[in-house]
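Using the sequences and the hints given, assemble the complete structure.
Line order of the protein sequences matches chains A and B.
Letter by letter, the first sequence follows residues 2 to 379 of the working numbering.
Letter by letter, the second sequence follows residues 2 to 379 of the working numbering.
Each hint should be verified, as a subset may be incorrect.
No copy is singled out in the list; a pair is fine if it fits within one copy or between any two copies.
Below, in silico cross-link-like pairs of lysine to aspartate or glutamate (DMTMM-like), each with a Cα-Cα straight-line distance of 20 Å or less [said to hold, decoys possible]:
{"id": "1", "residue 1": "Lys-44", "residue 2": "Asp-89"}
{"id": "2", "residue 1": "Lys-44", "residue 2": "Glu-131"}
{"id": "3", "residue 1": "Lys-109", "residue 2": "Glu-181"}
{"id": "4", "residue 1": "Lys-44", "residue 2": "Asp-304"}
{"id": "5", "residue 1": "Lys-109", "residue 2": "Asp-166"}
{"id": "6", "residue 1": "Lys-299", "residue 2": "Asp-74"}
{"id": "7", "residue 1": "Lys-300", "residue 2": "Asp-74"}
The hints are simulated quantities; they were obtained by calculation from the structure and are not laboratory data.
In case you want the letters, here they are:
There are 2 protein chains.
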Amino acid sequence: MELTFIHEGTDRTTAARAGRITTDHGVIETPIFMPVGTVGSVKAVTQQQLREDVRAQIILGNTYHLYLRPGTDVLSQAGGLHRFNGWDRPILTDSGGYQVFSLAENRKITEEGVVFQSHIDGSRHLFTPENVMDTQRRIGADIIMAFDECPPYPAEYRYVRQSMDLTHRWLDRCIRRLAETSDAYGYTQNLFPIVQGGAFADLRQASSEYIASRGAAGNAIGGLSVGEPEETMYEMCALCCSILPDDRPRYLMGVGTPWNILECIALGIDMFDCVMPTRNGRNGMLFTTAGIINIRNKKWATDFSPVDPGLASSALAGYSKAYLRHLFVANEILGLTLASLQNLTFYLHLVREARAHIIAGDFGPWKEALIPTLKQRL
Amino acid sequence: MELTFIHEGTDRTTAARAGRITTDHGVIETPIFMPVGTVGSVKAVTQQQLREDVRAQIILGNTYHLYLRPGTDVLSQAGGLHRFNGWDRPILTDSGGYQVFSLAENRKITEEGVVFQSHIDGSRHLFTPENVMDTQRRIGADIIMAFDECPPYPAEYRYVRQSMDLTHRWLDRCIRRLAETSDAYGYTQNLFPIVQGGAFADLRQASSEYIASRGAAGNAIGGLSVGEPEETMYEMCALCCSILPDDRPRYLMGVGTPWNILECIALGIDMFDCVMPTRNGRNGMLFTTAGIINIRNKKWATDFSPVDPGLASSALAGYSKAYLRHLFVANEILGLTLASLQNLTFYLHLVREARAHIIAGDFGPWKEALIPTLKQRL
Chain A
2 MELTFIHEGT
12 DRTTAARAGR
22 ITTDHGVIET
32 PIFMPVGTVG
42 SVKAVTQQQL
52 REDVRAQIIL
62 GNTYHLYLRP
72 GTDVLSQAGG
82 LHRFNGWDRP
92 ILTDSGGYQV
102 FSLAENRKIT
112 EEGVVFQSHI
122 DGSRHLFTPE
132 NVMDTQRRIG
142 ADIIMAFDEC
152 PPYPAEYRYV
162 RQSMDLTHRW
172 LDRCIRRLAE
182 TSDAYGYTQN
192 LFPIVQGGAF
202 ADLRQASSEY
212 IASRGAAGNA
222 IGGLSVGEPE
232 ETMYEMCALC
242 CSILPDDRPR
252 YLMGVGTPWN
262 ILECIALGID
272 MFDCVMPTRN
282 GRNGMLFTTA
292 GIINIRNKKW
302 ATDFSPVDPG
312 LASSALAGYS
322 KAYLRHLFVA
332 NEILGLTLAS
342 LQNLTFYLHL
352 VREARAHIIA
362 GDFGPWKEAL
372 IPTLKQRL
Chain B
2 MELTFIHEGT
12 DRTTAARAGR
22 ITTDHGVIET
32 PIFMPVGTVG
42 SVKAVTQQQL
52 REDVRAQIIL
62 GNTYHLYLRP
72 GTDVLSQAGG
82 LHRFNGWDRP
92 ILTDSGGYQV
102 FSLAENRKIT
112 EEGVVFQSHI
122 DGSRHLFTPE
132 NVMDTQRRIG
142 ADIIMAFDEC
152 PPYPAEYRYV
162 RQSMDLTHRW
172 LDRCIRRLAE
182 TSDAYGYTQN
192 LFPIVQGGAF
202 ADLRQASSEY
212 IASRGAAGNA
222 IGGLSVGEPE
232 ETMYEMCALC
242 CSILPDDRPR
252 YLMGVGTPWN
262 ILECIALGID
272 MFDCVMPTRN
282 GRNGMLFTTA
292 GIINIRNKKW
302 ATDFSPVDPG
312 LASSALAGYS
322 KAYLRHLFVA
332 NEILGLTLAS
342 LQNLTFYLHL
352 VREARAHIIA
362 GDFGPWKEAL
372 IPTLKQRL
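Now the structure itself:
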């Protein structure tokens, strides 16, 4: 069954909305944050912890990484990524476009696609809109992202416009390819196209209109949070949201901090992903209901209070700041796991709270009151 | 309340016994394997996983490591290691003797104790029987190990005898020190003395007799599994067991493989610890009910069967060999966690099975039939 989206509440003073996405692997209550499971594993966290502690409803896989390791043959033989990694809820895969530009070596972009060398062994590969659709089919994503080019920031207007046009032509090829091929494993695989256009309002407008015209089950905004000022990101995001259809979920790719997420929910975004909670967590940066903690700081050495007293039912409830600091100082793997769990659990808590406040209608003032707390360094 | 030990079953054809140790932090059903939590964390495993998946009943802490990091001041302020790491079942701490000899630098041994330099920052420290007792008190162990010297293998008879005599004199100082000091946190802390004597039967006999004469709540055998042939280890172990009192638990330190554990249970050992399940697990070596797996091997790349079908209720039940191999090949932290969970869960499963067969009286033939399976490389 094609992915559906219904509204379940609208905020009184912002464009925030609460909704419900239904996929063949189950329901996603929005707004939602999607933990990033790069190579089929959300780093340092078990699938059980993701389900029971983090309460994740959907996770991401990276097409670039999964294509290289374990490879689509293995994933096909497994019956798709859900069977391979034991995650039975929805999975979204990005198209690999972003990783090809940020990780791969010696990439060369043409109308046909992108030739690149693997960052692992230097082997040469070609990604095209068509074969990236085939790869995501075989990975078995519930939500397949269109193959796009994500230009860097800053970039020349002319380059960004040409890149956007290419992304649009690639989108049409993605749509055609998916129409010619079948769902790989019996459940529906839904395409989300991606708005590009850099930090240029007219390009963002044109791209949003083009993307909206394709009538996809959901739409994404890419190419933000790549170095531009936060205010620019919000402006572009607001512009895209004003054009992308209201009755389809909107996904802002690769964003961001807790306050970024709240601000963009206020603009009408429904879905987020970001490596920040896991990557920063592994570096000892904790996001909590009371603010930001650098857990390596000596000040926590004898602070035996819970890591985040505001997350009552967290898997971290039994662990103190002092213990977590000790684990980081002693380079214990458990520290990486606990910090990742803290940050992911907090991110999912935050979007659940946002959802409740949207439904109650007071999301706007709640967000304004909360953000200074979330930003403060403890 | 002082630690107690009761027999709950005796095997028909071997010296194996099933028992029940009671401490102020709860009951330990023997024979038992104790996961090693070097610096207050069993590497890559959460305390919840230890309780619910591994079903550990007691864990180890390393005095040497905990003394250096986080240090006894922090542990004292926390109210002991149980409070610090959130593990509310029994904890045993080794005396630091073994680590001082295997890890520390520029160590110098005298009658008084051992001067050494930290392997972390080169700082100088002195361990004496007295201060090691004080440290273990402050760590808050339920079972405190006597301070001993663990000679290498091979070693000269004369050296091993002198070392053993020193260990005995140190034991008497440990006993005196504990008698002069109080339990640190309101629950009873029990001393286990350690038999030494290397691979020399007459020294093992003398040491066992000396240790037995001290009337401790439990007794340990140290200095084995340090490079001697397996048969020598079994011979020394059998000799010690024949002398150490039958009505006290016997703890064989630092042993070993699954078959080592079964063979030594047959000789009358009740307690084991070893870094092997976690350390080898992190290197991709899995112990399973069907034999040993090198999970990095290419042969598992498309083997989608469970990691260990013989462990039905394991936390690993949702993960295939192919997925776990992929995690190792891709250097994912989750691979370290899952491999550690597999090995610890299997070790605890093995001693529970051993216990059931001892109580049923058929442990001897069960062990003989099982060991070839456990040793085979899949």
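Within, between, both or neither, where Lys-109 and Glu-181 count as close if Cα-Cα is 20 Å or less: Intra 27 Å, inter 76 Å, cutoff 20 Å: neither.
Alpha-carbon proximity context of Lys-109 and Asp-166, limit 20 Å: For Lys-109 and Asp-166, the Cα distance is within 20 Å only inside one copy (17 Å; across copies 74 Å).
Copy assignment of Lys-44 with Asp-304, given that the CA separation must stay at most 20 Å: Cα proximity of Lys-44 and Asp-304: none, with 27 Å in one copy and 23 Å across.
Lys-44 and Asp-89: within-copy, between-copy, both or neither at 20 Å Cα: The answer is within: 18 Å in one copy meets 20 Å, while 28 Å across copies does not.
Lys-44 and Glu-131: within-copy, between-copy, both or neither at 20 Å Cα: This pair counts as neither: shortest intra-copy Cα distance 29 Å, inter-copy 44 Å.
20 Å Cα threshold - placement of Asp-74 relative to Lys-300: Answer is between: at 15 Å across copies they meet the 20 Å cutoff, but 50 Å inside does not.
Copy assignment of Lys-299 with Asp-74, given that the CA separation must stay at most 20 Å: Between copies only: 14 Å across, 49 Å inside.
Hints 2, 3 and 4, counting from the list given before, are not met by this structure.
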